[in-house]
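Q: Take these sequences, add in the hints, and give me the full structure.
Below, each chain spelled out in residue letters.
Protein chains: 2
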Amino acid sequence: MNMLGVFCVRACSGLVGFRIATHVRSLHSFAGITVAQIDEEVAKLLQLKARLGGDDGKHQFVLKTAKGTRDYNPKQMAIREKVFKTIISCFKRHGAETIDTPVFELKETLTGKYGEDSKLIYDLKDQGGELLSLRYDLTVPFARYLAMNKITNIKRYHIAKVYRRDNPAMTRGRYREFYQCDFDIAGQYDGMIPDAECLKIVYEILSELNLGDFRIKVNDRRILDGMFAVCGVPDDKFRTICSTVDKLDKMSWEDVKKEMVNEKGLSEEAADQIGEYVSMQGGMDLAERLLQDQKMSQSKQACAGLSDIKLLFSYLQLFQVTDKVVFDLSLARGLDYYTGIIYEAVLTQAGVAPVPAEAQNGAPAEESVSVGSVAGGGRYDGLVGMFDPKGRKVPCVGVSIGIERIFSIMEQKAEASAEKVRTTEVQIMVASAQKNLLEERLKLVTELWNAGIKAEVMYKKNPKLLSQLQHCEESGIPLVAILGEQELKDGVVKLRVVATREEVDISRADLIGEIRRRTSEA
Amino acid sequence: MNMLGVFCVRACSGLVGFRIATHVRSLHSFAGITVAQIDEEVAKLLQLKARLGGDDGKHQFVLKTAKGTRDYNPKQMAIREKVFKTIISCFKRHGAETIDTPVFELKETLTGKYGEDSKLIYDLKDQGGELLSLRYDLTVPFARYLAMNKITNIKRYHIAKVYRRDNPAMTRGRYREFYQCDFDIAGQYDGMIPDAECLKIVYEILSELNLGDFRIKVNDRRILDGMFAVCGVPDDKFRTICSTVDKLDKMSWEDVKKEMVNEKGLSEEAADQIGEYVSMQGGMDLAERLLQDQKMSQSKQACAGLSDIKLLFSYLQLFQVTDKVVFDLSLARGLDYYTGIIYEAVLTQAGVAPVPAEAQNGAPAEESVSVGSVAGGGRYDGLVGMFDPKGRKVPCVGVSIGIERIFSIMEQKAEASAEKVRTTEVQIMVASAQKNLLEERLKLVTELWNAGIKAEVMYKKNPKLLSQLQHCEESGIPLVAILGEQELKDGVVKLRVVATREEVDISRADLIGEIRRRTSEA
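Protein chains in written order, with the working numbering: chain A, 393 to 914; chain B, 393 to 914.
Calculated directly from the structure, the hints in this document are not laboratory data.
Treat the hints loosely; a few may be bogus.
Unchecked claim - Computed footprint of chain B on chain A; a stretch qualifies when at least three of its residues, placed anywhere within it, have a C-beta under 8 angstroms from a C-beta of chain B:
#1 514-520
#2 574-584
Claimed, not checked - List time: in silico EDC-like cross-link candidates among lysine to aspartate or glutamate, alpha-carbon distance up to 20 angstroms:
#3 Lys517(A) x Glu522(B)
#4 Lys629(A) x Glu668(A)
#5 Lys827(B) x Asp882(B)
#6 Lys484(B) x Glu473(A)
#7 Lys856(A) x Asp582(B)
#8 Lys511(A) x Asp728(A)
#9 Lys484(A) x Glu473(B)
#10 Lys835(B) x Asp715(A)
#11 Lys542(A) x Glu866(B)
#12 Lys553(B) x Glu803(B)
#13 Lys467(B) x Glu796(B)
#14 Lys846(B) x Glu865(B)
These figures come from a predicted structure and were not determined experimentally.
We put the CB at the ideal spot given by N, CA and C, even for glycine.
A: Put into structure tokens, the structure is as follows:
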């Protein structure tokens, strides 16, 4: 510790050196210091040392990605592409277009849209010019796009990365840079038809990705607000009580009640009334029962929400998805901008990397979704109007697929399975057993490329046959075209099937057809 | 002007108000003020006004994207996807894997890699934590990835956005946020084989995209340096003379010479000698001639480069691409990190949105490529070693496809052509001619979705048949399934072909097969 302190002070000059010295001194004077704290401080100093230059005075790079971010290696990319393909083909099946927006927006575009979570927005340095921030989600840029282009109806998907200066928990699939995968329907339409289609889409995607059993919880912002009103929650406490209700998926009712009463100052009586409602789950029948409920029926808002839930379920029946959808009064998604129906899909099977409860402490509302949450969304009829100079509203409903969670699950699955993930699509390797055949190999691979065959050749003048075959085994290339003096003389190629080691001579004229035949079977 | 000044000063408080007042005053006191300047100042003030709040005191958003960035609308996305598909399938045909890296890197990762252009890097605000910058290209993150993961050979492509605080010239396809589309081969291989494959890839992509005729210019950093040495350019002027040579594609030799002599202080004699060389173009023959050239052959560096050019052309012959490749001694790409072969592809046909010469003033070297430049790259054997703690080198060669320029050309083509760009892939619209058939429409569209058919239904209880058909015309949906009381009774659907208005009754059992049959033809 001491030695390091001395080194750093020596290595640094002026203000920086002074700051480190102070730093180290304050460490020493601290009585109850723990080993973990020392380790942390040492790590910080070493990092600083690396930044300032190593022992030899040469600048040393810290070889890492920014905190909370990661590279995707080829295997992860292969999985990512597979997942995207499934999701995009579902979006396209439902007639969606796609758009893209810049990764940064004017800072003011994001201001006032995310409540408390605004502190998690990444700002760009003021380098002279506009004040910019990295996008926090895809919904606000979408609303800005609609207002800016005066678009009043569109069905679009958008898959892109968003940025949050959150406490990363990367082992649990929580990053500062992560994908969002959004499908939204904007437009003034008859009630609940687009809303029902969003749920149909979630149902299709989760079924096709084969992630195990799932459930889609549905509720409505108006039912929540109505419920709070009739239970005697003061108006100014709706939002904060709502965020406590949101914790029911990872806290017991007792603890939630305690928080309401002790921390948020709600009366015990009001809390108990809420407790009764939020334990309710059902389908269309529950909505009907609550419409008759003496208390609930006093709230016009709640009744409007309940009627819509009924209508929604009637469409969900036609869409054949009611087996997985449940009306759940405890569902309370955090984002400010929801105005109507809200929903969230959770995986219900064990063994899908559940998120430990303590990991959720201090997490922002939208992210702190329940164990195994893989999709969520709702209706936000007011957001576009916030951008329109005249406040013209464009009703919107949408869903966001929790793609990072899904990647994690798929990666775990791939690792558990014996099957190898291929990272290229190469169909054939052009190889030779003898020396001095580079030209012939390049000629043949050109023929194959020109015919649209995915082919590779080793970048060596005289590679060993064994190393060429090993490369095929490792990267899953199914076929090898082997050239030798004899084959060239005979006008053939020895076609080898890597898996079976079967070898057969094919005439050069038939080769392309034969490769196509053999690889289209796979 | 005055009124505006008064308004702004009244509307603003404290420091900001003071700054505006000063601003307006300095304008007034300026004698030779032009209308354009006034307009510009008014625009600035109005923007400031909008930021501070409108007349009614309510906050007004500036509805725009950040300077130099743009949204992609669905039509642009459709074109973008088509271009990407062609390029990616070429990369995959050549056996490439793909990776992804974060949009921001530690600031120090980018430091010292881009020479003067470093001033164009976007930094993130220091919000406590690491100092971060947006990536400036994909090559440096790739090198960081290789060093960090100790990867010594890989063939990968990476398509992603990069960021440069440049003067945007958006009408000419120059943005601050733009795609790069890179293919690189890293590894210690026998000379010029991977280099030749990069050129083969450029050839294939430009041919397949059908952008008109093109040429690929090739040169070598070592030939340039050797040429400068034998022409008597002092060592410390290589880089700056090189960047003047780079301007030959948009300036006459006379002007280039003037810059060398008058601005850069080169002797007239040296300049004239350079002038002789840089006018040379050819193929393998030119490389052979220069190897015999009395002056050039004195430079070991130049000879190494010339031998490699010879070898390269022998492989390019095998790859069948020599008809478009030319060895051009005037090619001098700007980036610091190139160590060997460099190349650049240009479109040679008229009418491909040439860049006016004046637009290039002050543009950074790499971007200021010649009229119609659509791809470029080269060998950079030293970059990975800059990241490795022990300086271990990983030789690399790669190519970057100028995708934004290609998008612009494709967009212009699409606009000029009569053919409509479809932004969705919907195959059929489920419609009805009568009222109260929403349920039946939803049932049928569910059947279609469940069978994997891309289908749409209007989100109205009782849409007019005409508006349903109009929607099909507008968005290019080829088929309509029309439901009416009679069809339901008969167990059929009226299948309408939008283009021909032909209508035929199809039994419900045969419908899916019939749709597949009719849409697979297209």
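Q: Now look at each hint and say whether the structure bears it out.
A: Structure-based check of each hint:
Coverage of the region 514-520 of chain A by chain B holds [criterion: at least 3 residues with CB-CB distance below 8 angstroms; count 6]. Check result for the region 574-584 of chain A against chain B: holds, 4 residues qualifying (beta carbon to beta carbon below 8 angstroms, three or more required). Our distance criterion of 20 angstroms between C-alpha atoms is met by Lys517(A) and Glu522(B), whose separation comes to about 13 angstroms. Straight-line distance between C-alpha atoms of Lys629(A) and Glu668(A) comes to about 19 angstroms, which keeps the hinted pair within the 20 angstroms bound.
In summary, the hint linking Lys827(B) to Asp882(B) is supported, as the alpha carbons are separated by about 18 angstroms, within the 20 angstroms threshold. Pair hint Lys484(B) plus Glu473(A) holds up; C-alpha atoms about 13 angstroms apart against a cutoff of 20 angstroms. A distance of roughly 14 angstroms separates the Cα atoms of Lys856(A) and Asp582(B); the hinted pair therefore holds under the 20 angstroms criterion. For the proposed pair Lys511(A) and Asp728(A), the alpha carbon gap of about 15 angstroms is at most 20 angstroms, so the pair holds.
A C-alpha spacing of about 13 angstroms is found between Lys484(A) and Glu473(B), which places the hinted pair at or below 20 angstroms, so the restraint holds. With a C-alpha separation of about 16 angstroms, the suggested pairing of Lys835(B) with Asp715(A) holds against the 20 angstroms cut-off. Between Lys542(A) and Glu866(B) the CA atoms are separated by roughly 18 angstroms; this keeps the pair inside 20 angstroms, and the hint holds. As the CA atoms of Lys553(B) and Glu803(B) are separated by approximately 19 angstroms, the hinted pair is consistent with the 20 angstroms bound.
A C-alpha spacing of about 15 angstroms is found between Lys467(B) and Glu796(B), which places the hinted pair at or below 20 angstroms, so the restraint holds. With a CA separation close to 16 angstroms, the supplied pair Lys846(B) and Glu865(B) stays within the 20 angstroms bound.
Violated hints for the displayed structure: none, as all numbered hints are satisfied.
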